[in-house]
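Sequences and hints are given; from them, build the entire structure.
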Amino acid sequence: MSLRLPATPVRSEAGSDDGSQSSVDDAEETWSDWLSDSGRLCKSLFDDKTFPSAADSLKYDKDTHGFDLSTACQRLGLDFHGRIRLINYIRKEKPQVDAIGSLTGQEGFLSADEYLVPVIEDDPLLLENSESWSDSDDDAANAPTDLRSALRRISALEAKIAKSKQDLSDYQALVTERLDISRLKDAVEGADAAVASGSGGTRDDDTHYFQSYEVNDIHAVMIQDKVRTSSYASFIMSNPALFHDAIVLDVGCGTGILSLFAARAGAKHVYAVDASDIAEKAKKIVAENGLGDVITVLHGKVEQVSLPEGVTHVDVIISEWMGYALLYESMLDSVLQARDRFLKPGGVMAPSQCKMMLGLSDASEILKERVGFWNDVYGFDLSTMSEAVYDEAIMDIVGPETMVSNAYAVKDIYLRDVTTRQLDFSAPFTLVSTAERRTKVHAFLLYFDTFFTPDGNRIPEDAKAQVTKDAGLAEVWQLGRRPSRRASQSVKPQMSSFSTGPLSAPTHWKHTIFLLRDPIIVEEGTVVEGIFHCKKSDENSRELDVEVHYSVKENVDAEMPGERIVQIFKVR
Amino acid sequence: MADPSSSVKHESMTSKDYYADSYAHFGIHEEMLKDSVRTGSYRAAIINNPHLFEGKTVLDVGCGTGILSMFAAKAGAAHVVGIDMSNIIDQAIKIVQANGFADKITLVKGKLEETELPIQQFDIIISEWMGYFLLYESMLDTVLDARDRYLKPGGLIFPDHATLFLAAIEDQDYKEEKINFWDNVYGFDYSCIKDIALREPLVDTVDLKAVVTDPWIIKKIDLTTAKKEDLTFTSTFKLKATRNDYVHAFLAWFDVSFECTHKNVSFSTGPHAKYTHWKQTVFYTPSTITISDGQAITGELACSPNARNNRDLDIKISYQAADGPATTVDYKMCVASFHRPLCNPALSVNNC
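From first to last, the protein sequence lines stand for chains A and B. Each step along the first sequence adds one to the number in our numbering, with nothing skipped, and position 412 is 412. Counting the second sequence from 1 gives a position; our numbering is that position plus 1000.
Worth flagging that the hints you see were computed from the coordinates, not collected in a lab. Treat the hints loosely; a few may be bogus.
To be verified - SDA-like, lysine to any residue: derived pairs with alpha carbons at most 25 Å apart:
(1) Lys1094(B) with Arg517(A)
(2) Lys344(A) with Asp376(A)
(3) Lys368(A) with His1277(B)
(4) Lys283(A) with Asp315(A)
(5) Lys284(A) with Arg1199(B)
(6) Lys1034(B) with Tyr378(A)
(7) Lys1074(B) with Gln1091(B)
(8) Lys368(A) with Lys1094(B)
Stated by the list, open to error - Here are a few chain B residues that face chain A, going by a calculated C-beta distance under 8 Å:
(9) Ile1095
(10) Thr1106
(11) Tyr1186
Built from N, CA and C at the ideal position, the CB exists for glycine as well.
What follows is the structure in structure tokens.
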């Protein structure tokens, strides 16, 4: 829907990338869903017995194993996070009760972030209310006897509540960042549904998603997308220094083509992971190409797989995770988790950087096809069919001539340090019309540029993605030959890149078109500025909600325009 | 057949269900309506035969956007009932209203088998039920149900006849691109995918020049008498070569006719006819068949719904050329068969 709002100045929202209001709200919502998910069994800290509540479980541990959690926390002087680290430490490392008794409170794990990540998903012990772990002062004993001390007491308690809230929200932020709660929630709900044998009321954003990658044809489409596959191939094959003797992880390997490239580039070992059944094909393909000793295909979600004994870190993570509008599918979340779990410090992400580019497009052909058509179908008015067209992004291909402005990078994703939370974002943009004459702009157009740097570092600020004119991209690698040691020394590390924009040859990602309810009339120099909001949909985490707020002015120096227009889209 | 799309609650919807609500899903209706052979033929069969529709009651099975119901109303029908289980019917209701037919057309959301209709006996059933290869994901069994439950004796069915054809084609270039592609993917051997790709019939348009034999009628369906059991069938065929050539695939298509109409309206989805969204269906053979003018490829085609998923079709083709070996291939028509990019210049050469 499109709204007209009174003008407010476009704030330059520096830092809005790092946790806009909306993403915080989201996290809270998910968090409280998680909290309210009661009825989960609580497992003893020292054996496999389970109990209906955390309190029962703690009592059991105290009676049977002689371990009292709150006493231990008090003795060690643990705060909120300390307590959580202790629980996770016990769950993970399974120490003897005596060993805990000899802790001093100075141990490294009591300050390590690693132990903030729940070992048991949805562990009720971690969610236990503050009574059982609150600071040592005995509330009941200090019951106030007069108004003044009662007031003092109230304000002290209020301060404590505020502190608890803060602790909880800090912890929530940390865990969300490290673990992606929504995925965890899905997993938990998925498990519930299995138990209740599908009694309904749960949501599964994954099954259909992974199934959609089981069929062959989608892989043919992707492999035959030459811009895509050749860019990966040329990066991998022209950087033997990076791949030679490297341990490589391929996230969402599909048929395994990137793993094969990496193996051919001299990788010591490649771990190829895919949750869809295509992984079984990948295993076959790897074997049939005689690379079974170099490539190990792991069929499972990358969040859940473990690398073989002794392999703790990888040197390079390769992945083709990009979806429509870059972030549709939310596969990047999985890649980032793989990065946090497995990439060695200083390791390389390939691709290393992606930019979401926004521009103005006249899109009149699309409008004619998707809207005009319905106005008269064999003499009938079917225009109701086109109403939804303004609420959803259209994936289609437009020609280079339809682009009538600069392209503005609304999101710069640097794979080495971006976090999942930063993928929900708001960004200001300024687009200046390049139209040579009066033109009706019917759409915002979104595409993305992808970069591969041999050291995984950021590209220079002014670097542009390579525009491929011809879909039959030059084949820069030599087929069927492993680069020799000598080659690896003589070949200069090379950056690769590709663009999915309208100036480049079309890819299977097409272009993302946001049709405007109210077309914008532009001339050369007309400025369209506003804010682009993008976040995961509440209804399906693999889909996106996009909001564009914009206003139009005659030129760069013109006064602030009179009105602000808002239009909301779904990318699905 | 469990189709949740019409009854699921919001919370339990999967991404698939959401998709069923999206414009992308409506896109199929755009494609069908823009198929002028399809929509134009129905229009001609209905609008040009007001003598059949005047004052009659009409049932539109799987009415979609309601276009056929509106044709019938325009042709003078006393009342039209349209039924569809998909969410498109919410749009159809608005469309019927916008075009001033709200009093003539009643739209019902639901499965025909489970729904009570406001009228018990109809003079005419109209339906566009055909799927790829005529029978893939087709609504024919629903139409036959509707006939048995709701059609007056002597009532009319639009269309009333369908015919499925088979021929053999020369298709070296496409086979290279679609099947043999897997032999060498950027220098790697992907042939294990090739075997599976071969077993999935391809929905695509084929040039008439590629056809190297006479067509053969594999199956005739008379909707006034057909039974559900008829949709599982085995037929023999004999494809006579019209020139010396190589054969890489079998090709299937269908014709549909409205024989009850005054001028016997009909259309074909064959390679000789104008493009339709059904295109044709290609069954690649594992090896190339050499054939000479006048010689025949003889064989048998068996078609049945898949036992595990009855939306999928199992199609078994056994064949033998003049002195070649006897070969049998089990094809499976499933959702993958048409999960292909439409008109993406980067990916396909000339199927647009």
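Each hint tested on the structure:
1. Between Lys1094(B) and Arg517(A), the direct Cα distance comes to roughly 20 Å. Compliance with the 25 Å bound is thereby established for this hinted pair.
2. The straight-line distance between the Cα atoms of Lys344(A) and Asp376(A) is roughly 60 Å, outside the 25 Å bound, and the hint therefore fails.
3. Restraint check: the Cα-Cα separation between Lys368(A) and His1277(B) comes to about 20 Å, which is no more than 25 Å; the hinted pair holds.
4. Taking the CA atoms of Lys283(A) and Asp315(A), the gap is about 22 Å. The hint holds against a cut of 25 Å.
5. For the proposed pair Lys284(A) and Arg1199(B), the alpha carbon gap of about 18 Å is at most 25 Å, so the pair holds.
6. Only pairs whose Cα atoms come within 25 Å are accepted, and Lys1034(B) paired with Tyr378(A) is accepted, the gap being roughly 10 Å.
7. With a CA separation close to 19 Å, the supplied pair Lys1074(B) and Gln1091(B) stays within the 25 Å bound.
8. A distance of roughly 21 Å separates the Cα atoms of Lys368(A) and Lys1094(B); the hinted pair therefore holds under the 25 Å criterion.
9. Residue-level restraint check for Ile1095(B) holds (minimum Cβ-Cβ distance to chain A is 5 Å; threshold 8 Å).
10. Below 8 Å, beta-carbon pairs count as interface contacts, and Thr1106(B) has none with chain A, the closest being about 17 Å; its hint is therefore violated.
11. At about 6 Å, the closest approach between the beta carbon of Tyr1186(B) and any beta carbon in chain A falls short of 8 Å, and the interface hint on this residue holds.
Checked against the numbered hints above, the structure violates hints 2 and 10; every other hint is satisfied.
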